[in-house]
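Asker: In case you want the letters, here they are:
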Amino acid sequence: MARITMREAISQALMEEMDRDPAVFILGEEVGVWGGTYAVTKGFYDKYGPERVKDTPIAENAIIGGAIGAAMVGQRPIAELMTINFGFSAMDYIVNQAPKLRYMFGGQFSVPMVIRAVGGGGRQLGATHSQTPDAIFAHFPGLVVVSPGTPADAKGLLKSAIRSNDPVLFLEHATMYQVRGEVPDGEYTIPLGKSTIQRPGKDLTIVTYCKGLELSMKAAEDLAKEGIEAEIVDLRTLRPLDMEPVLESFKKTNRAIVVEEGWKSYGVGAEIVSRIYEQAFDYVDAPILRVAQKEVPLPYNRNLEQAALPQVPDIIAAAKEVLK
Amino acid sequence: MDKENLIQMYYEMVLIRRLEERGAELYQQGKIGGFMHLYIGQEAVSTGLIAAREPRDRVITAYRDHGVAINCGISANEVMAELLGKSTGMSKGKGGSMHMADTSKNMWGGHAIVGGHLPIAAGFAIGDQYAGNDNITICMFGDGATNIGYFHEALNLAKTWNLRVLWVCENNQYGMGTAVDRASAVSEIRQKAEGYGMKNSRVDGMDVVKVHEAAAEALKYIRTEGKPYLLEIMTYRFRGHSMGDPERYRTQDEVKKWQEDDPIGIFRAYLAKKKIALGNDLDGIDAQVETEVQKAVEFAEASPEPGMDQLFADIYAEN
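Protein sequence lines correspond, in order, to chains L and W.
For what it's worth, the working numbering labels the leading residue of the first sequence as 210, then goes sequentially.
For what it's worth, the working numbering labels the leading residue of the second sequence as -10, then goes sequentially.
Just to be clear, a hint being listed does not mean it is correct.
Now the stretches of chain L that chain W is said to cover, found in silico as 3 or more residues with beta-carbon under 8 Å [claimed, not checked]:
| # | stretch |
| --- | --- |
| 1 | 245 to 251 |
| 2 | 272 to 281 |
| 3 | 295 to 306 |
| 4 | 363 to 375 |
Computed list of lysine-lysine pairs in DSS-like fashion (alpha-carbon distance at most 30 Å, straight line) [said to hold, decoys possible]:
| # | chain 1 | residue 1 | chain 2 | residue 2 |
| --- | --- | --- | --- | --- |
| 5 | W | LYS148 | L | LYS251 |
| 6 | L | LYS533 | L | LYS503 |
| 7 | L | LYS256 | W | LYS94 |
| 8 | W | LYS94 | L | LYS309 |
| 9 | L | LYS461 | L | LYS434 |
| 10 | W | LYS83 | L | LYS309 |
| 11 | L | LYS309 | W | LYS148 |
| 12 | W | LYS262 | W | LYS(-8) |
| 13 | L | LYS411 | L | LYS427 |
| 14 | L | LYS368 | L | LYS309 |
| 15 | L | LYS427 | L | LYS461 |
| 16 | L | LYS256 | W | LYS148 |
| 17 | W | LYS20 | L | LYS309 |
Derived Cβ-Cβ restraints for the label pairs, each shown as a range [what the hints assert, rightly or not]:
| # | chain 1 | residue 1 | chain 2 | residue 2 | range |
| --- | --- | --- | --- | --- | --- |
| 18 | W | SER76 | L | VAL493 | 40 to 46 Å |
| 19 | W | TYR210 | L | ASP228 | 54 to 60 Å |
| 20 | W | ALA120 | L | GLY395 | 26 to 32 Å |
| 21 | W | PRO293 | L | GLY252 | 36 to 42 Å |
| 22 | L | ASP264 | W | ARG45 | 49 to 55 Å |
| 23 | W | ILE102 | L | ASP264 | 36 to 42 Å |
| 24 | L | ILE406 | W | GLU307 | 22 to 28 Å |
| 25 | W | ILE102 | L | VAL242 | 29 to 35 Å |
| 26 | L | GLY316 | W | GLY166 | 32 to 38 Å |
| 27 | W | ARG45 | L | PRO400 | 34 to 40 Å |
Please keep in mind that the hints were generated in silico from the structure rather than gathered at the bench.
Where is the CB? At the ideal position from N, CA and C, for every residue including glycine.
Hey, can you work out the whole structure from these sequences and the hints?
Answerer: So, in structure tokens, the structure goes:
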């Protein structure tokens, strides 16, 4: 095991897969000469050259549409969106083309493409650059939506995403590239579409993913000091959604909260809560609560921005509320 | 072009015409659902164009795709079956009129978001360039698609990256019901390629021989130079934009005037003048097509509906 950052884990996954499979190449804005705006592909241009690390124009439709086309004819492109917020410019490709082409043409081809995109608030980038719109993308059948919360998961899931024959949207968080964690040595993958228990507990279930995992782990430590043991289920993949570990945990604890960074309305939490009520209603001992972003466009000012984002004390308060 | 190929082009044009005429009848009988856009009047465009490709060249087009499917070698049976939503259609009845593809014939669809398939076409060429082959992607679209951002992003990328794409604008002079000069800053669409430093030309699309010559020249340029090319083909659709078109935007006189330039009539005259085929020979082909279309209708009507197991099939490649 080595203790590395999220950035290093993602970078390793990309490099290992590029070394393994010549069909894999990267395209996106500033991925090459610049080294990636979050430095994830630093050194790639020198190692692999301009054919495999393609700097594109600032043209999201050309980037994602181009990746779809290259994938349909047998390559394995990894398209990088500088931020998921720019993904809205290419919405047609992400939600209306990539997830539908296989089905609409009777399975004649597939779209083995990964879109890597950075999302999330907390860096004072203002309302249009700080969103966590994961739920929007997870709405569409045909797309796989992955969002890891640890370096080990990021590496294993990204490797699986690159090998998958389906289009995968891989959502990273802008404030988590320096997060460190233990990563297994050598070759490993983590299957897409599998939730997992990141922390065992018996008193309540916290369902979360990505940035929410980081916050929930901290909240769980504080709760433990008060004798409350939270079990944390990390979704890791939002579509297809694996409810098994969630339901298993909930049937044990009978109480749950969902923590996500996106807005509460129509969000990931809404989906999880509905499914628990539909599939485990007899086990419900208290209303299930959601911790999420306040319903505002994220402001620039640091204090205001932090007030809008979910925080550790919000999670602790919600946990205590469902235990009342 | 030898006699056999010329006759083949005539056959394909008549087949497209008759297939669509029958399709329109079936649509009116409620046997075909959704949107259906007829190619009638524009047959010379894809016929001349696709006759000039190598089998390894990929074709991708917009939603007015029945003719392109026929020209790419997809059978009348499969086209008719897909129109009727049957499991024997090339997209298993899940695509319909606007989404016909058969990758074994290098026909990559049938795409119904205006302009949306242009960056995908660029992507095919990225894939081929990456693979190191000299396949060409032929991407067809209407005049209306040249006003949307996708067009400009795709052309810019194609020229910047030297992608082997033949961009084919089928200028039928109306984007739905809006005349080109009411929607486009320049009415000569090929001028838009100039802004990207891309070689381009314009050709009469009612004459299949001229289309074929222009396409062959453009493909030769792309293959040897390794650069994209934009070909504007002037044409006219004799029917409405789709089956539900009140046609308030053009006069009957205008339509009639164009119908006098029927591409099939022009080609018949050409074949007779060049003594390649006499009227009697061509009438024989017409009769053969009539039978083929009738059989296609019977095949499609007799074909099974997709089973309910198809509802969840092919969403993902992996489970």
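Asker: For the pair supplied as a hint, W:LYS83 and L:LYS309, is the alpha-carbon distance within the 30 Å limit?
Answerer: holds, 11 Å
Asker: Take a look at whether the Cβ-Cβ distance between W:ARG45 and L:PRO400 falls inside 34 to 40 Å.
Answerer: holds, 37 Å
Asker: With the threshold set at 30 Å, check whether the alpha-carbon distance from L:LYS368 to L:LYS309 stays at or below it.
Answerer: Between L:LYS368 and L:LYS309 the Cα gap is close to 23 Å, so the pair holds against 30 Å.
Asker: Mind taking a look at whether chain W covers the stretch 295 to 306 of chain L? Criterion is 3 or more residues with CB to CB distance under 8 Å.
Answerer: holds (count 4)
Asker: Does the Cβ-Cβ separation between W:PRO293 and L:GLY252 fall within 36 to 42 Å?
Answerer: Since W:PRO293 and L:GLY252 have Cβ atoms about 56 Å apart, the given range 36 to 42 Å is violated.
Asker: That 40 to 46 Å hint for W:SER76 and L:VAL493 (C-beta), does it hold up?
Answerer: holds, 44 Å
Asker: Next pair to validate is L:LYS427 with L:LYS461; report whether the Cα-Cα distance is within 30 Å.
Answerer: Roughly 22 Å between the alpha carbons, so the hint for L:LYS427 and L:LYS461 holds.
Asker: Between L:LYS309 and W:LYS148, is the straight-line Cα distance small enough, at 30 Å or below?
Answerer: holds, 28 Å
Asker: Regarding the pair W:LYS94 and L:LYS309, is the alpha-carbon distance no greater than 30 Å?
Answerer: Given pair W:LYS94, L:LYS309 holds - Cα atoms ~21 Å apart, limit 30 Å.
Asker: Please verify whether L:LYS256 and W:LYS94 have alpha carbons no more than 30 Å apart.
Answerer: Outside the cut-off at roughly 38 Å; violated.
Asker: Taking the CB of L:ASP264 and the CB of W:ARG45, does the distance hold inside 49 to 55 Å?
Answerer: Cβ of L:ASP264 to Cβ of W:ARG45: about 29 Å, so the range 49 to 55 Å is violated.
Asker: Between W:LYS262 and W:LYS(-8), does the CA-CA distance stay at or below 30 Å?
Answerer: At roughly 13 Å apart (the allowed maximum being 30 Å), W:LYS(-8) and W:LYS262 satisfy the hint.
Figure legend: structure checked against the earlier numbered hints; hints not met, in rising order: 1, 7, 19, 21, 22, 23.
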